[in-house]
Amino acid sequence: MESLGVLLLHPMNAYLEQELDSRFRLFRFWDSPPDGRAEFLRANSSAIRAVVGNAGYNADAALIDALPSLEIVASFSVGIDRVDLPKCRERGIRVTNTPDVLTDDVADLAVGLAIAALRKIPQADRYVRAGLWKAKGDYTLTTRFSGKRVAILGLGRIGLAIAKRAEAFGCSISYHSRSEKPFPNYKFFTNVVDLAANCDVLIVACSLNAETHHMVNRKVMDALGPDGVLINIGRGALVDEPELVSALLEKRLGAAGLDVFEHEPFAPEQLFSLDNVVLVPHVGSDTEETCKAMADLVLKNLEAHALNKPLLTPFSGKRVGIIGLGRIGLAIATRVEAFDCPVNYYQRTKKDCPSYTYYPSVVELAANSDILVVACPLNEQTRHIVNREVIEALVPKGLLINIGRGPHVDEPELVSALVEGRLGGAGLDVFEDEPNVPEALFALDNVVLVPHVGSGTHETRQAMADLVLGNLEAHVLKKPLLTPVV
Amino acid sequence: VVATLKLATMAAAGGKPAVLLLRPVDAPFAAALRDRFRVLDLYAPGQALPALAFVAAAAAVPEPPRATVIWGGVRVDASFLDAAPSLRCVVSTAAGLDHIDLAECARRGVAVANSGEVYSTDVADYAVGLLLDVLRRVSASERYVRRGSWAAQGDYPLGSKLGGKRVGIIGLGNIGSRIAKRLEAFGCIIHYNSRKPKDSVSYKYFPNVHELAAESDVLVVACALNKATRHIVNKDVLEALGKDGVVVNIGRGANIDEAELVIALREGKIAGAGLDVFEHEPKVPAELFSMENVVLSRHVAVLTEESRSDLRAHTIGNLEAFFSGQPLLTPVHADSLAQ
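Chain order of the listed sequences is V and Z. Start counting the first sequence at 318; every next residue gets the next number (this note's numbering). Start counting the second sequence at 72; every next residue gets the next number (this note's numbering).
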């Protein structure tokens, strides 16, 4: 394998560094003095095709601009808030992270911090070490962890793992997330203030982005209250740190367990003298076992990239653009969200869905999506809604999925785009002239063709038939129709 | 004299049955007891008789107490029972039973009630907290942050993953079984030793602690202290546990041979320990203070507000059961070594 030039931004892990050095051509960012960094990058910019960063040091806009040959950012972390994602998308730079391998350790620490904060274990340890334990029966009463109402901000992989652990302590679970999840035992709250007002322990476990920055603000902390406990194992900036410090100093907030801070490695010194906080130095994934697994994942992703094989853990799913956010469109959105796919959409009027990005035209939608899905009804306005212009806008290598009607798409245009390799691929359930399917598509490996089977399950056809029969009966009996089309 | 007059006053609160109170209680507990019983209170303000003399004096009042509430500091043995022959029921609020001669009580027909499961949840939570602290270095890395070392010296050394570890629990009673349930949710594999295997659990049973230690990564002491379990974790067991092994003790200090434990830690024969109890509290071997792989606590695993109020309700429940001729809520029998 020809040597992929890899820039390691920080001496984050000895094993990782050693392996990068032996398998690739390694550049150590800290080899150059701080004022010589620009020069260092200039000198090596043609060789550096990969960057390895972590939670604290990652590929920001300035670094990406300085590296014209950059192809991939492989982060030694699951959170990639410090990677300039829009810039990566713009440059076609791939991003990988390290999900799953660290989920258990981070969840373990979250619960460990909650018990430590509530039961004041580090405080007891300090007390004993200082030689202050002079009499048996010298103690302070703390409060029980088991049975506390635990609220989780962000019910992703880590949030779910925390929930599972807390449940073993008889804790009730509530959460807030971008959308409600299929866990009937966990109570969903639509906003963070209500979540905080109805729990005893609030655990921050979501990713950091523009929407979640300072999500835990003064209002939330006030709602959590003087008996409430805040645990943060996400990112420091999810919490308004100055507000947190004053809430703790003024006893408006009961206690905190913090693994992350806004300006690591600096933790707010005003907290050092408090007995109701537990402060640890971003150790969420810091076990030998997990760090090795994370390192191996980084190395495997880089190797896959170098060999043109599929990446193991590319960050975030493909951007999915849905034409028509009706019942079917929304059902598609919920499913792809579970794959971390950002959801974009177009329809005649904007919907009140803050987590989905609205585009005022199909061309703009196509330009900002990796996969375009047709899910709207067919009528005069939507005939050939996917035309040549839209197909051109779908980024080269984009995919078209049609589960609407054949005439939604200008079929001859689609066929030539696919045959000429301008479009990345297609998945088609419907065609303009069923049951005839353009034969030119048969030879293509990047096209999936199915014979209008979208609703073709026993269960659904039965239900559809029952609806038809129900409607007919209602009509005969002069009762209201079940599903009239308005 | 003055002391006897005081006792007489206490005993005169007519109608209610007399209870001999031999431990300090907080205000809510005291009020709850006085509402229901005539309380002869060793710790009443102004009461100056030492314990055994107070017991003897209480035994001499008209309608002497038939029940007593004690804690771990009161030795219930033959001489204690001789001093108060009226006692038919001992209600202990302690977690352990090592301070009660159960055989002697049984011989005299004195019923004994313990604290049941009142503490079990909090002790189990604390055990998990201690284990996480040792493996993930919570207290140690906390010290690092508080002294400004994070900014000055960089990343803290790595800890050890809890998931997948084999946890050997010594004693699968109320506390041990709760610890097991919690740690299972973290992906641990549960092994245990107890006097007899338990059919109701699927965890792997080991007939002795040495074999348990040999096949575990973590050893949790969750058994009572008695003749059979004194120094149950000894030098051999620590060696069998091995250099990557961790010990957590929320039982009694004397369950572990403390001197051998210190040696094992000093020589790196085990990887770390989380200790809430010690052989000679409040004395803690000073050598442990400088060890980064040890978490030290001051016998507080039971001490939450919730267990306080649970204890109050439970103690009164046992007393009321006794005085109304009902079976005790949590009777202890002479042949039961644990719980």
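These aren't lab readings, by the way, just hints derived from the structure by calculation. Please note that the accuracy of each hint is not assured.
[Claimed, not checked] Below, simulated SDA-like cross-link-like pairs (lysine to any residue); rule was C-alpha separation at most 25 Å, straight line:
1. K275(Z) - V653(V)
2. K451(V) - P356(Z)
3. K451(V) - K275(Z)
4. K314(Z) - K298(Z)
5. K498(V) - E730(V)
6. K451(V) - R146(Z)
7. K453(V) - R301(Z)
8. K354(Z) - L458(V)
9. K252(Z) - V653(V)
10. K451(V) - A122(Z)
11. K451(V) - K267(Z)
12. K481(V) - K451(V)
13. K252(Z) - G487(V)
14. K451(V) - R379(Z)
15. K453(V) - G144(Z)
16. K504(V) - I334(Z)
17. K453(V) - K298(Z)
18. K481(V) - E606(V)
19. K451(V) - H281(Z)
20. K453(V) - D169(Z)
Please name the hints from earlier in the document that this structure breaks, with their numbers sorted from lowest to highest.
1, 3, 4, 5, 9, 11, 12, 16, 19
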